[in-house]
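I would like the entire structure built from these sequences, with the hints used as guidance.
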Amino acid sequence: MHRGRSLDLVRHMQYFLAVAESLHFGRAAETLGMSQPPLSQGIQRLEARLGARLFDRGATVRLTAEGEALVPKARVLVAAAETIMAPDAPPRTAVRLGVVAQLPARRTAQLARTLRSFGPTAPSVVTASSVELVGRVGAGQLDAALVLHPVVIEAVDAEPSLVRLPTWVVLPDSHPRAKARSVRLADLADTPLATAARAENPAAHDLLHDIAAAAGITVLPGVAADDRGAVLAAASGRCMALTADPKLAAPGCALVALADDPLPMRLRFIWVRDPRRTPGPDLRSALIAAVAA
Amino acid sequence: METTAERIRQAFADAGVRGWLHARPVRESGPCTEIAVHADDVVPLASVYKLPLLVAFLRAVDEGVLDPSQRTTVRPDGRVGGSPGIAMMRDPVTISWRDLAASMISVSDNAAADALYRKVGDARIAAAMTSLGLTDTVVRGTASDELRALLESTRAKTTDAALRALADNDHPMEHRYSALLRSFSTPRDITALLSAVWTGTAASKGQCALARELLAAATGPYRLRRGFPFDGVTVAHKIGTFGALRHDVGVVEYPDDESPWAVAVLTEAARADRILPDVDAVIGATARTAVDALRGVVRHRA
Numbered sequence: 001m002h003r004g005r006s007l008d009l010v011r012h013m014q015y016f017l018a019v020a021e022s023l024h025f026g027r028a029a030e031t032l033g034m035s036q037p038p039l040s041q042g043i044q045r046l047e048a049r050l051g052a053r054l055f056d057r058g059a060t061v062r063l064t065a066e067g068e069a070l071v072p073k074a075r076v077l078v079a080a081a082e083t084i085m086a087p088d089a090p091p092r093t094a095v096r097l098g099v100v101a102q103l104p105a106r107r108t109a110q111l112a113r114t115l116r117s118f119g120p121t122a123p124s125v126v127t128a129s130s131v132e133l134v135g136r137v138g139a140g141q142l143d144a145a146l147v148l149h150p151v152v153i154e155a156v157d158a159e160p161s162l163v164r165l166p167t168w169v170v171l172p173d174s175h176p177r178a179k180a181r182s183v184r185l186a187d188l189a190d191t192p193l194a195t196a197a198r199a200e201n202p203a204a205h206d207l208l209h210d211i212a213a214a215a216g217i218t219v220l221p222g223v224a225a226d227d228r229g230a231v232l233a234a235a236s237g238r239c240m241a242l243t244a245d246p247k248l249a250a251p252g253c254a255l256v257a258l259a260d261d262p263l264p265m266r267l268r269f270i271w272v273r274d275p276r277r278t279p280g281p282d283l284r285s286a287l288i289a290a291v292a293a
Numbered sequence: 001m002e003t004t005a006e007r008i009r010q011a012f013a014d015a016g017v018r019g020w021l022h023a024r025p026v027r028e029s030g031p032c033t034e035i036a037v038h039a040d041d042v043v044p045l046a047s048v049y050k051l052p053l054l055v056a057f058l059r060a061v062d063e064g065v066l067d068p069s070q071r072t073t074v075r076p077d078g079r080v081g082g083s084p085g086i087a088m089m090r091d092p093v094t095i096s097w098r099d100l101a102a103s104m105i106s107v108s109d110n111a112a113a114d115a116l117y118r119k120v121g122d123a124r125i126a127a128a129m130t131s132l133g134l135t136d137t138v139v140r141g142t143a144s145d146e147l148r149a150l151l152e153s154t155r156a157k158t159t160d161a162a163l164r165a166l167a168d169n170d171h172p173m174e175h176r177y178s179a180l181l182r183s184f185s186t187p188r189d190i191t192a193l194l195s196a197v198w199t200g201t202a203a204s205k206g207q208c209a210l211a212r213e214l215l216a217a218a219t220g221p222y223r224l225r226r227g228f229p230f231d232g233v234t235v236a237h238k239i240g241t242f243g244a245l246r247h248d249v250g251v252v253e254y255p256d257d258e259s260p261w262a263v264a265v266l267t268e269a270a271r272a273d274r275i276l277p278d279v280d281a282v283i284g285a286t287a288r289t290a291v292d293a294l295r296g297v298v299r300h301r302a
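Protein chains in written order, with my numbering: chain A, 1 to 293; chain B, 1 to 302.
Keep in mind that the hints are not guaranteed to be accurate.
Restraint ranges, calculated between C-beta atoms of paired labels, are given here [to be verified]: (1) B:Ser153 <-> A:Arg177: 41 to 47 Å; (2) A:Arg238 <-> B:Gly78: 56 to 62 Å; (3) A:Pro262 <-> B:Ser153: 24 to 30 Å.
Hints in this document: simulated from the structure, not taken from any laboratory.
Heads up, the beta-carbon is just placed ideally off N, CA and C, and yes, glycines get one too.
Next up, the structure:
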């Protein structure tokens, strides 16, 4: 049987990724160090081989649905090729992960443990605000981060689905509802709610503020940035706070469930766009599972 | 000291949105007379596509291909609503092409836009954009097409249910926008298009005057207008809204200025909620910051 000339798949995946990332044939050609006509031909050859259009070429270039689906696979292939061609290269430096301070300690530890199982080098995990983490992943200073949703997302790939954790309210143990199993938000209208500073994530703060305001609750921003702050705020007797850790306990505090989960913690993974550093699909799934467990 | 662009970027971040902005005097443009924040990024237009569609319609009238006072009957079949005007009517409507254009611009009437789009055709829109040098502007479908794609994507039974799915903070959908949406442009192309309408070069002088009239009478959520709450200042504009996307583009005229000011502000909110007054407000605030800076520069030069 006569077979056509075999396609250098790795090279064509590199062409494809360069165009997919810049959405501009001219800029992609520059990045690849080649001229535009052979790049265009290479993409056409690839499309003919795959039997699918990968880009819509109009006044602007856009990825088709097939193109979008190909991006993660192309990244895996190119990354794998690099390890084959440079087996003596120093082991890839460990994944640099960022997390928000509100993530319960147990889940942060699970993430670090997952990273350790994926590579010989100890992973680095830093804590910063959602806005700060988006900036650092976008700048390539981190490879991935777990941020609070909603947050303004730019220059990074965002995981399509969220991890949603229920929250409990941390009340002063002198509070009238401190002994209740569960309480409605509306029943807490007289107690101010301590939260993180607004600048850490204006969008998430405003969403929480709107829901609290509808229930008649005043928000105190900048008072409780994490579980430690939540416990201090409640133990001081003057306000309440939220936590996603059902085991959070301290003198002077009582944990009560919130009926209907009106203020859940929505977490979203963001990944660096650089194909050389971005976590592969296996690691991504493992990290998501580690947080959601 | 911060630049104007930095202040505008800060304002967008504070309002919880990604923002794109371009502002320039209608009569000239250049690095010294423009304010640009991501002005060359390609962004989905939502209903702002009705502006290129309007210009293509007016040029078709100039060419004699279309008689603007000729009446046509717009049937209710296949309507997906999504706007006031004919889109919310239940029975067939007989109306002239230019009145369809008026409804399309003044209340962002999706059904009026559909009828005009079918008549004018996307080839004519593409030709108009090319002829005006707007190489980053693409119109390949209407708001109704986008709503239909959304209905299919969310498997919703009604437009309202689909829009509610879009407004769910538990299920972000921004990554699906580029597959659902049909029309795109950049802030810089939009202000160039508006400037061409204001200087009478987008179509004949008479048709450009009609366009300016229609845009000056446009209603819709107060976005740009909020930045210029002065009786003597006119704001002609076209809004666009789709899920997290909230846009307003238009021309602001101060009574004694040498030139009107073309401004395009496009935003994408991090929150999925349908009602976000702070986003409407930041569109006006950033437009005002930009125009104030431009007026300062130009006044000092004179």
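These are the hints, each one checked on the structure:
1. Distance hint check for Ser153 of chain B and Arg177 of chain A: the Cβ-Cβ separation is about 42 Å, which falls inside the suggested range of 41 to 47 Å.
2. The supplied range of 56 to 62 Å is met by Arg238 of chain A and Gly78 of chain B, whose beta-carbon atoms lie about 59 Å from each other.
3. Taking the beta carbon of each, Pro262 of chain A and Ser153 of chain B are about 28 Å apart, inside 24 to 30 Å as hinted.
Figure legend: structure checked against the earlier numbered hints; every hint is met.
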